[in-house]
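**Q** Sequence:
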Amino acid sequence: MTLPSLPLPLGGVHHVSALTADAARNHDFYTRVLGLRLVKKTVNQDSPGMYHLFYADGAGTPGSDLTFFDFPRAAREHRGNDSVTRTTWRVTGTAALEFWAGRFGALGVPHGEVYTRDGRAHLDFEDPDGTRLSLFDDGGEGPRGVPHGDLPGEMQLQGLGYSGYHVGDLAPTRAFLETGLGLREMRRYALDGLPTTVFAMGEGGPHAELHVTEAPELPRSRPGAGSVHHVALRVRDDRELRHWLLHLAGAGYGNSGEVDRHWFRSVYIRDPNGLVIELATDGPGFATDEAPEALGERLSLPPFLEPRRATIEAHLRPLHLTPTPQEGE
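Residues 140 to 468, numbered by the numbering used here, are exactly what the sequence shown covers, in order.
Just so you know, not all the hints are guaranteed correct.
Stated by the list, open to error - Capping the alpha-carbon separation at 16 Å, the derived lysine to aspartate or glutamate pairs in EDC-like fashion look like this:
no.: 1; residue 1: Lys-180; residue 2: Asp-410
no.: 2; residue 1: Lys-180; residue 2: Asp-161
no.: 3; residue 1: Lys-180; residue 2: Glu-429
no.: 4; residue 1: Lys-180; residue 2: Glu-397
no.: 5; residue 1: Lys-180; residue 2: Glu-353
no.: 6; residue 1: Lys-180; residue 2: Glu-356
no.: 7; residue 1: Lys-180; residue 2: Asp-167
no.: 8; residue 1: Lys-180; residue 2: Glu-452
Stated by the list, open to error - Label-pair ranges, simulated between beta-carbon atoms:
no.: 9; residue 1: Ala-329; residue 2: Arg-447; range: 46 to 56 Å
no.: 10; residue 1: Met-189; residue 2: His-217; range: 19 to 29 Å
no.: 11; residue 1: Leu-385; residue 2: Pro-291; range: 19 to 29 Å
no.: 12; residue 1: Leu-385; residue 2: Ala-329; range: 17 to 27 Å
no.: 13; residue 1: Arg-447; residue 2: Gly-232; range: 41 to 51 Å
no.: 14; residue 1: Asp-308; residue 2: Gly-393; range: 13 to 23 Å
Since the hints were derived computationally from the structure, they do not count as laboratory data. Where a beta carbon is used, it is the ideal one built from N, C-alpha and C, also for glycine.
All chains should be built: construct the whole structure from the sequences, respecting the hints.
**A** As C-alpha cells, then:
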C-alpha cells in the first residue's frame with residue numbers, strides 16, 4: 140500500500156497539558172514565580188465542571204503555553220514509564236540560568252544546580268504539584284517570546300523547549316514518531332545512564348525536539364497531580380491538519396478525527412506505548428474571543444458551551460486568583 144505523502148513538517152511543540160491539585164496555588168506559581176501570563180481561563184471541554192488554565196508569554200503565542208486541568212486534592216503522580224517526564228522552557232544565556240537559580244532559592248522552589256545535559260546548560264526544578272520542569276540555555280535559537288510582567292526582559296522565559304519521555308520499549312514509539320509523524324533521529328545521549336534518543340521536527344532546534352529515554356526496568360506510571368496528560372505539536376493551519384489526518388489514516392494510526400477547540404483545532408493520537416500526542420493548529424488564537432489586552436480575565440467558553448454558561452459557572456467552585464504585577468507597576 141502506498142502511503143499519502145507526508146504533510147509539511149510539524150513546527151515544534153505547540154503546548155503541554157498537565158494536572159494540578161490546586162488551581163489557585165498553580166496560578167500563583169506560574170504567574171508570580173515564573174512570570175507567565177494567564178492567557179485563558181476556561182473549562183475542560185470534555186468535562187466542564189473542571190477548570191482549564193492556560194499560561195503563556197505576553198501574547199499567548201503558539202509554542203509558549205503550558206496548560207493545567209484542575210483536579211482538586213488529587214493524589215500525586217506515581218512516576219514511571221510511558222509518560223512525559225520532563226517539560227522544558229528556553230532561556231538565553233547562562234546568566235539567565237543563574238538568575239533563575241537565585242530566584243528559586245529565594246522563593247523556596249525545589250531546584251538543582253546548573254549543569255550540562257545534551258550539550259546545553261540546564262536548571263531542573265519542580266512546581267508545587269511535583270511537575271518536573273527545566274530551564275535550559277537555547278543559545279538564542281528558536282522563537283523569541285513576547286515579554287510580560289515585571290521580570291527583566293532578558294531573563295524571561297522564551298517559550299517551550301523539548302519534551303522528555305520515558306518508555307519501556309523504544310521501538311514502537313520510534314516507529315510512530317518516524318512513520319506516523321515524520322520525525323527523524325538527530326542524536327543520542329545518556330540521561331542518568333539510560334540511552335536517550337532525540338527526535339526532531341522539521342529542521343529541529345531547541346523548540347522542536349522530543350527526547351525519548353528507554354528505561355525497561357521502571358514500572359508503568361500512574362497519572363496524578365504533577366503528571367503531563369499530553370504534548371501538542373504545531374501544525375500551520377486547518378488545511379495541513381486535514382493532510383495529517385489523511386496521512387495518519389494511511390499509515391494505520393487511529394486518531395480522534397478533527398476536534399474544534401475554538402482557539403485551535405486538534406487531532407489526538409495514542410502511540411503504541413499509550414502516550415497521547417496532539418496535533419494543534421497555530422490559529423485562530425486566544426484573541427479570537429477576548430481582546431489581546433484582556434486575555435484570561437474572564438471565564439472563556441467555546442461557542443458550544445456558551446448556552447450552558449450559567450449552569451457551568453454555578454457548579455464551578457470559586458477560584459480566587461491573585462493578580463500579578465504588570466510591566467511598569
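**Q** All hints, please: hold or fail.
**A** Each hint, compared with the structure:
1. Lys-180 x Asp-410: 29 Å, violated
2. Lys-180 x Asp-161: 14 Å, holds
3. Lys-180 x Glu-429: 11 Å, holds
4. Lys-180 x Glu-397: Distance ~23 Å between Lys-180 and Glu-397 Cα, so the pair is violated.
5. Lys-180 x Glu-353: 36 Å, violated
6. Lys-180 x Glu-356: It is violated: about 40 Å lies between the C-alpha atoms, which goes past 16 Å.
7. Lys-180 x Asp-167: 14 Å, holds
8. Lys-180 x Glu-452: Given that 16 Å is the threshold and the Cα spacing comes to 12 Å, the pair holds.
9. Ala-329 x Arg-447: 46 to 56 Å: The hint (46 to 56 Å, Cβ to Cβ) holds, given that Ala-329 and Arg-447 are roughly 51 Å apart.
10. Met-189 x His-217: 19 to 29 Å: With a Cβ separation near 21 Å, Met-189 and His-217 satisfy 19 to 29 Å, so the hint holds.
11. Leu-385 x Pro-291: 19 to 29 Å: 46 Å, violated
12. Leu-385 x Ala-329: 17 to 27 Å: 38 Å, violated
13. Arg-447 x Gly-232: 41 to 51 Å: With a Cβ separation near 48 Å, Arg-447 and Gly-232 satisfy 41 to 51 Å, so the hint holds.
14. Asp-308 x Gly-393: 13 to 23 Å: 19 Å, holds
Of the hints listed earlier, those the structure fails to meet are numbers 1, 4, 5, 6, 11 and 12, in rising order.
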